[in-house]
Amino acid sequence: MLKIKPNEYEILRSFIKSKCGINLGDNKSYLIETRLSDLVLEYGCKSYLEFYKKAEKDHSLIERIIDAMTTNETFWFRDPGVWKQIEEKIIPDAVNKAKKEKKFRVWFGACSSGQEVYSFLMMLNEYLEKRNDKRILDYFDFTATDISPSVLFHAKSGRYSGISIKRGLSEYFRNRYFTEQDSVWKFTETLKKRVVFKKLNLQDSISSLDKFDLVFLRNVLIYFSTETKKEIIEKISSQMVSGSPLLLGSTESLRDFTTKFEIISEKNIVINYLK
Amino acid sequence: MKEKILAELDKNNEIPPFPNVLTKLNKILNDPKSGIDEVASVIMLDPVLSGRILSYANSSLFGMIKADSFKTAVARIGVDELKKLAFSMKVKDFFKKIDIIDSYSFWKHNISVALLSQRLSKYVNVSEKSENIAYFSGLMHDIGIIIFIYIMPGAYFDFLESYDGRIPLESAEKENFGIDHPELGAYFLEKKWKIPGEIVEAVRGHHLPVNTNKDIQQAAGLVHIADSICRSQGFAHGIENQESSFRSEVWEMLGFSLDDVFLIIEDMEEAVAGAEKILGEK
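First to last, the protein sequences are chains A and B.
Numbering-wise (this note's numbering), the first sequence opens with residue 6 and increments by one.
Numbering-wise (this note's numbering), the second sequence opens with residue 79 and increments by one.
None of these hints come from the bench; they were simulated from the model.
A portion of the hints provided could be inaccurate.
To be verified - Quick look at which bits of chain B chain A covers, simulated, 3 or more residues with Cβ under 8 angstroms:
no., stretch
1, 186 to 199
2, 293 to 299
3, 305 to 311
What the hints assert, rightly or not - With a straight-line Cα cutoff of 35 angstroms, these simulated DSBU-like cross-link-like pairs (lysine-lysine) come out:
no., chain 1, residue 1, chain 2, residue 2
4, B, LYS80, A, LYS191
5, B, LYS82, B, LYS200
6, A, LYS59, B, LYS111
7, B, LYS82, A, LYS51
8, A, LYS59, A, LYS235
9, A, LYS8, B, LYS207
10, A, LYS58, A, LYS94
11, A, LYS51, B, LYS200
12, B, LYS292, A, LYS203
13, B, LYS82, A, LYS58
14, A, LYS265, A, LYS280
15, A, LYS58, B, LYS252
16, B, LYS272, A, LYS24
17, A, LYS59, B, LYS162
18, A, LYS62, B, LYS207
19, B, LYS272, A, LYS171
20, A, LYS10, B, LYS272
Stated by the list, open to error - One side of the interface only, derived from the structure: several residues of chain B facing chain A at Cβ under 8 angstroms:
no., residue
21, ILE114
22, THR290
23, ILE317
24, VAL339
25, LEU341
Beta carbons: idealized from backbone N, C-alpha and C, even for Gly.
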């Protein structure tokens, strides 16, 4: 991996902030090395400085940098503690509301290759099946968005192979919700078709979206600067129904950015409810 | 290192030459006066190839009526498709001696990418020329890997042993050898096989489809998307990283839509089935 020099880090750091709105801390040079060194070599550059000079003039390269900086490793049921809360609190509340209002809209704001979306669908399906309440699923609408068409393609195809089917997925869920063909595991059609996938940049206008009763925005805000974070949270809050939960990654917090949410912490897991 | 590798390739006499039958076929297919009889007579010079084409014409892809003569088979497949088919069937024989990689998976991936590149062109507005370049460059997009194996089997084997897939294969090749497989493949096709320049450029650009010529750019883009889809959907050739993503700007430049994902997946499955048919027995 190509090592970055301190002066190069400073230059790229401010460039990435201005072009992508992503704010890197003082000691995040490894983030640039792990995510951009391929790209630097691919573009035939011998140093990060040369790469920066190229990126300054090349819009498509900036897109690539955004792609590389924002692509998360994705897992099934990432952060077990959070998924326990989803199972015990978020899903029962959602089902109650869906029964009452005959409508419940869920938004996954950075769905990546779909693991979080399908993890939620599997868990919700389990809950409803145990209670013989599967018809309630019809009240749910699922919207999943991401900035990268490549991950959206993967998510929408619902097909996983190699290591991607293993990360965090138990044998129970895999055997119940996936069928294997030629070592590719395909997520069950009946649940997959309930999700609408769309390309969306959180920094653009999102007012064309619906109003949501539950929003997942996990491990996304960490990549943005304080200002951009504030803007995104503001926009998201205006797309949420009052009293609805917003789920963030386990290291993320709304505390310094907005007062619009009531932040409830239970068993070390934080859920943000729109006031 | 790069110059040494290219010099080695220049003087290497072991790499099979471009097959005679394809040179003749190429010539005859480009001649507007030639008909099915001429095409059939050229292909019949190669008994193995003609046998395969006959069996292909009799496969379920073409309905139930048996094509018993070679001429009927050629007519059924169509002269335009024949060139693609003959190339695909022939190309795997060029490098039979390769044993450090799984040659069947390698060609299955390459032929699938060729077939999918061609199918992808129906979703977007690309020229017929791009579609044709895409097929042939898809077929040969990874040929540089085989060239590495031919000219430096030991070093490339050691390299593959230590390659952990954390960075793209071409970046690792460049770091190790000063040249990557798209560039080496393009050099080989241009210098040794004298393949048309457009195909050479599309092979060179399949990981970075940026070219000033629009037909080449579109073709390299189609191959880039087809390659990435085949790899991430479980049809890699086992050397490059499976978890591949295509570039947003290429997807958008070509004008693809997420509405077509399911149809594209069906196309991919058909492309893989078509590749298996072309390759015949494992």
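Okay, the hints, checked on the actual structure:
1. Under the rule that three or more residues need a Cβ within less than 8 angstroms of chain A, the assignment of the stretch 186 to 199 of chain B is violated, with 0 such residues.
2. Counting residues of the stretch 293 to 299 of chain B whose CB lies closer than 8 angstroms to any CB of chain A gives 0, so the stated coverage by that chain is violated, three being the minimum.
3. Three residues within the 8 angstroms Cβ limit are the bar, and the stretch 305 to 311 of chain B against chain A gives 4, so the coverage statement holds.
4. In summary, the hint linking B/LYS80 to A/LYS191 is not supported, as the alpha carbons are separated by about 43 angstroms, beyond the 35 angstroms threshold.
5. For the given pair, B/LYS82 sits about 42 angstroms from B/LYS200 by alpha-carbon distance, which is inconsistent with the 35 angstroms threshold.
6. Between A/LYS59 and B/LYS111 the CA atoms are separated by roughly 51 angstroms; this puts the pair beyond 35 angstroms, and the hint is violated.
7. Annotation: proposed proximity of B/LYS82 to A/LYS51 holds, straight-line Cα distance about 20 angstroms (limit 35 angstroms).
8. Taking the CA atoms of A/LYS59 and A/LYS235, the gap is about 31 angstroms. The hint holds against a cut of 35 angstroms.
9. A distance of roughly 42 angstroms separates the Cα atoms of A/LYS8 and B/LYS207; the hinted pair therefore is violated under the 35 angstroms criterion.
10. Restraint check for A/LYS58 and A/LYS94: the C-alpha separation of about 50 angstroms exceeds 35 angstroms, so the hint is violated.
11. A distance of roughly 39 angstroms separates the Cα atoms of A/LYS51 and B/LYS200; the hinted pair therefore is violated under the 35 angstroms criterion.
12. Taking the CA atoms of B/LYS292 and A/LYS203, the gap is near 28 angstroms; set against the 35 angstroms cutoff, the hint holds.
13. Under the criterion of a C-alpha separation no larger than 35 angstroms, the hint pairing B/LYS82 with A/LYS58 is consistent with the structure, at around 30 angstroms.
14. The suggested pairing of A/LYS265 with A/LYS280 holds, with an alpha-carbon distance near 6 angstroms, which does not exceed 35 angstroms.
15. For the suggested pair A/LYS58 and B/LYS252, the alpha carbons sit about 21 angstroms apart, so the restraint of at most 35 angstroms is met.
16. About 44 angstroms separates the Cα atoms of B/LYS272 and A/LYS24, which puts this hinted pair outside 35 angstroms; it is violated.
17. For the proposed pair A/LYS59 and B/LYS162, the alpha carbon gap of about 39 angstroms is over 35 angstroms, so the pair is violated.
18. The hinted pair formed by A/LYS62 and B/LYS207 meets the criterion: a straight-line CA distance of about 30 angstroms does not exceed 35 angstroms.
19. At most 35 angstroms may separate the alpha-carbon atoms for a hinted pair to count; B/LYS272 and A/LYS171 exceed this at roughly 45 angstroms.
20. For the suggested pair A/LYS10 and B/LYS272, the alpha carbons sit about 44 angstroms apart, so the restraint of at most 35 angstroms is broken.
21. Annotation: B/ILE114 was flagged as interfacial toward chain A, and the flag is violated, the nearest CB pair being 37 angstroms apart, outside 8 angstroms.
22. Interface restraint check: B/THR290 against chain A, minimum CB-CB distance 14 angstroms, threshold 8 angstroms, status violated.
23. The beta carbon of B/ILE317 is not positioned within 8 angstroms of any beta carbon in chain A (closest approach about 13 angstroms), and the interface hint is therefore violated.
24. Because the smallest distance between the Cβ of B/VAL339 and any Cβ of chain A comes to about 4 angstroms, under 8 angstroms, the interface hint for this residue holds.
25. Because the beta carbon of B/LEU341 sits about 11 angstroms from the nearest beta carbon in chain A, more than 8 angstroms, this interface hint is broken.
Going down the numbered hints, you'll see the structure goes against 1, 2, 4, 5, 6, 9, 10, 11, 16, 17, 19, 20, 21, 22, 23, 25, while the others check out.
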